[in-house]
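Enquirer: Next come the chains, spelled out residue by residue.
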Amino acid sequence: MSRGIPEPKLTAMDAMIDKLTGAIFVFQIVVVMVLGIAGNVWKDTEAKKQWYVLYPDKGPWYELLIIPLRFELLCSIMIPISIKVSLDLVKGLYAKFIDWDHRMVDLETSTPSNATNTAISEDLGQVEYILTDKTGTLTENKMIFRRCCISGIFYGNENGDALKDVELLHAVSSGSPDAVQFLTIMAICNTVIPTQSKTGDILYKAQSQDEDALVQAAAHLHMVFFNKSGNILEVKFNSSILQYEVLETLEFTSDRKRMSLVLRDCQNGKILLLSKGADEAILPYARTGQQTRNFIEAVEQYAHLGLRTLCLAWRELREDEYQEWSLMFKEANSTLVDREWRVAEVCQRIEHNLEVLGVTAIEDRLQDGVPETIETLRKAGINFWMLTGDKQNTAIQIALSCNFISPEPKGQLLSIDGKTEDEVRRSLERVLLTMRITTSEPKDVAFVIDGWALDFALNHYRKAFTELAILSRTAICCRVTPSQKAQLVQILKSCDYRTLAIGDGGNDVRMIQQADIGVGISGREGLQAARAADYSIGKFRFLKRLILVHGRYSYNRTAFLSQYSFYKSLLICFIQIFFSFISGVSGTSLFNSVSLMAYNVFYTSVPVLVSVLDKDLSEETVIQHPQILFYCQAGRLLNPSTFAGWFGRSLFHAVVVFLISIHAYAYDKSEMEEVSMVALSGCIWLQAFVVAMETNSFTILQHLAIWGNLAGFYAINWIFSALPASGMYTIMFRLCRQPSYWISIFLMTAAGMSPILAIKYFRYTYRPSKINTLQQAERLGGPIVSLGTIEPQPRPLIEKDVSTLSITQPKNRNPVYEPLLSDSPNATRRSSGTPFDFFQSQSRSSLPNYSRNCKDN
Amino acid sequence: MDLDSGTSSTVGARVQAIPGRPAQHGALYQFKQQNLPACKPVLTPATVIATFLLMGFIFIPLGLITLRASNSVVEIVDRYDIECIPEELRSNKLLYITDDSISKNCSRFLKVPKSMRAPIYIYYQLDNYYQNHRRYVKSRNDKQLLHGLGDNSTSSCKPLESSGDLPIVPCGLIAWSVFNDTFKFSSGSSELKVNRKNIAWKSDRNHKFGKDVYPFNFQNGPLIGGGKLDPNTPLSDQEDLIVWMRTAALPSFRKLYGRIEEDLDADDVIVVQLMNNYNAYSFGGKKKLVLSTSSWLGGKNDFFGVASLFIGTFCMMISIVFLLLHVKNPRPYGDAMYTSWNKKSSSS
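Heads up: the sequence lines are chains R and D, in that order. Under the working numbering, the residue at position 726 of the first sequence is numbered 726, and the numbers go up by one with no gaps. Under the working numbering, the residue at position 102 of the second sequence is numbered 102, and the numbers go up by one with no gaps.
Just so you know, the hints here were simulated from the structure itself, not pulled from any lab data. Just so you know, these numbers come straight off a predicted model, no measurement behind them. Hints are not guaranteed to be accurate.
[As the list claims (entries may be wrong)] Examples of chain D residues lying across from chain R (beta carbon under 7 Å, computed):
#: 1; residue: Leu36
#: 2; residue: Lys40
#: 3; residue: Val48
#: 4; residue: Arg134
#: 5; residue: Ser177
#: 6; residue: Phe253
Positions of the beta carbon are idealized from the N, C-alpha and C atoms, including for glycine.
Using the sequences and the accompanying hints, generate a full structural model.
Expert: What follows is the structure in structure tokens.
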């Protein structure tokens, strides 16, 4: 599978931080310009009179630039450089926490989870769409041959295991030609390589689990494929050894959906073509006159049970026919341009007129915990799309059994299909219309589409399909190719949704790379997906923990850390700006360079780093109330308005620190170094309390970092104060002996923190967010009530009357049914001639839930 | 903070139940599993209201104490920059200060409002004087002050690093503009003894200004700034200069001139003979003479008291408001009423 070049991924949060940094930069430029102009004006009017400053009467023109550049230098700390370093550090730790998490270790294979990409953990908390592969991801990919249908006779229907079906055993032992041929195809029509172990057991090395299952089953039924040497295949059937010479292998591709083998039966010299493949790739090419209805029924029946089906067929080739075709095949194989397509075309020429023998049904069990995981994550407001190469019915059955879609009265499944472009278009329009109507209902509406229709939809009706994608919370796409998977991811991404793609096989690699977050299951289909992915986990059920625990914590922590970094930089910068108003707008720095550097690098970055250990809610609470993830998805904790709060806080704190230090240290105490240390101490104390206030759970490390840092501040400054060469010689000792210093610090802390505490308490108690409510419930041991529906706001129930439309009785428990919308008077009135009314629909779709608007249209 | 009400949760207890792995304990393991025992404080009404009440109870007395300390300080402030100009020259102050032929002598009479206990600190105060101007604060060379001319790098002293090709010691704007008004005090017929020693920081005298560094080429240029220095006194003994060179952070500042080491009684009249040399007229600055006693908090400064009282009352009021809110509108925590996901959440 072609992997393509993965682009570096950027989290939504990083994008937001970049945006905020940009805003701060603009603010900085404005401040610099205003202060620069003010400084020049002051210089010309006032400073010229101040003889002690000794401004030259006339200077070169560029002296005008000096003051603005000075301010630029002062304000350059406004953008915290340390944020990048801090973020990289904590992101590395988030990834390590994922690696270390023993609850995400697959105990069967003892594979731990692994975060390959250490930079995107926050995105996990903001996932809105999960696109999942089916085989190997939702299921175990442990294929077991369960049933088969040979020439219209069903085996294994009674006991659910064809291998134990007496009738089949009997048919085989009695040498029924169809059954034997069926078994032969099962045994050799594949690319399996048998190896003999020392004990005499035969081990099979198969690329695909299905082939392995078939060969195993055949061996069980006494058709043992035991040796492959060069082109010679040797099969032991009831003690007789049969030899076949492989002439050509027509390989499986996801487009062809079948594989064939051309071989010579060494017993009688006949040339045979053996084929196996998906029903739609085999049955249409059946020999004219053969009744395939039986097989279609069998396939449907098996698909209903969630079994994977393969059709087996064969035919005999004439020598001349083979020779002629063989030349073409060789030629096609040696072309340089479009080889894949040419080969497929040549294969097509021989794979027809087939004698269909029967259908195999292979069971692939669901992994442990898949339904629960999907249910929890859906409650968390995450939409699921299943993208599979399997048959529609199989996919739907699996979807039903793992809570993907709800059964009849609660859910509704709309199908988009059609053989021609026109049919697909009409089907799509109809589904879209239903979807628009039913968005107002608390109903699980899903749509199912197959690869064929998807091709049309993606290429010709992209807009309509995109709208559909936005409207529906669940979708099943069957028979899709790897590139279509990637295209679907692309569509959702283009609407600014955070997508997570999870898969296990090579065919998921492109989707995984395309998605915002790629998760690979390190499973049976090799490590291809896991290697390409950002995260690899052992089992699907770990996804719950990955998103709800790790993703959510990472988001929360980064939200705090990044905004705090801006806060502390702004705080010190605002003080500098205020100071410039009392220093003749000349751009004097209140703080010395050592303090400024240590402030950013040391004093303020250490306490906040331990916020990686902060947990606002316990893991158990989050898992119980997955709806809380909505706060992360909607970006409630880091957005311009929360940032404005932090901006205001830093402004307020700067005012407090500045006013108190210049008033407390006025007149005879207004020594520059002392005032600067008082202000700096105030900043350090305030930031320690801000971190403490915003910390939800204090571990020993937090206490150590927050209060230890405060002690460290004094220790460092005492050291500097002990060095005669430093500018702050004796300053800190002098200050610490003055009661007025401690009173000033006390005043600053109280004045700075009490309004913040008051506001926080007020919100916490009287305007609690859901997080606060759960915190209260969790910590006070109160009753943890179960939370209601997922929607943050009630969707306006405008069109209740249409609910009757969807209730159409499905025939013979087929979950796929389409409400006959065009017959409904309601629907025709509503559609009012413009089936693709994007404008209207867009505003409607954005109404109920603000995050659901497509920014693409 | 109300850490006291936190519940200490030890979730680590149930982690070793995983089969197939050796049971792991220890702080490192707990850290890796993000399971370190943590204390989770809750903002309960009781703790918050109590915190605010406590802050009120701390700050209001603190305010009263500091106000008392500030009020115990007796302070005499006399602005003399205008009064010391002869009436006829008041319209042209610049001429008065720049013309050397005009006598700068001036007498001021200060009445002591309350008895003042020694030591009485004498400050001169300058208003609207920007010692914190960027050009000004940087214009000095600490190395030169300590080691003299050994280091010839006086570039930091711009724009006054040298005069007539010879370097200046002490160089720079700050030293150049040293304050040079002088004051003499007498009470009744006797002269008051003013101690002018030890007015600068001891650390400055010992470690920042050299004992064998003498002023050189100082105030010899065409531009005369402030006062002159005695070229035969080492810098470490030039305490007025040392005091001056501790630049002030605010445009209004006081600098110590000396100490009167005897008590003054109420209603005493102090006669101050001063030399009004320093030019604060060109930029509209004010010059004041301040006599002040001191308290444990320093000089007279009502700010601590007022701010403490303000914060104290604010905290009290907040705690009362919250108390009323809580009594009128008690909110059980974790109530189902407030957990409905359908309610629009207002806080972000």
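Enquirer: Are the hints correct? Go through all of them and say.
Expert: Against the structure, the hints come out as follows:
no.: 1; hint: Leu36; in the structure: holds, 4 Å
no.: 2; hint: Lys40; in the structure: holds, 5 Å
no.: 3; hint: Val48; in the structure: holds, 5 Å
no.: 4; hint: Arg134; in the structure: holds, 4 Å
no.: 5; hint: Ser177; in the structure: holds, 4 Å
no.: 6; hint: Phe253; in the structure: holds, 5 Å
When each numbered hint is compared with the structure, no violation occurs for any of them.
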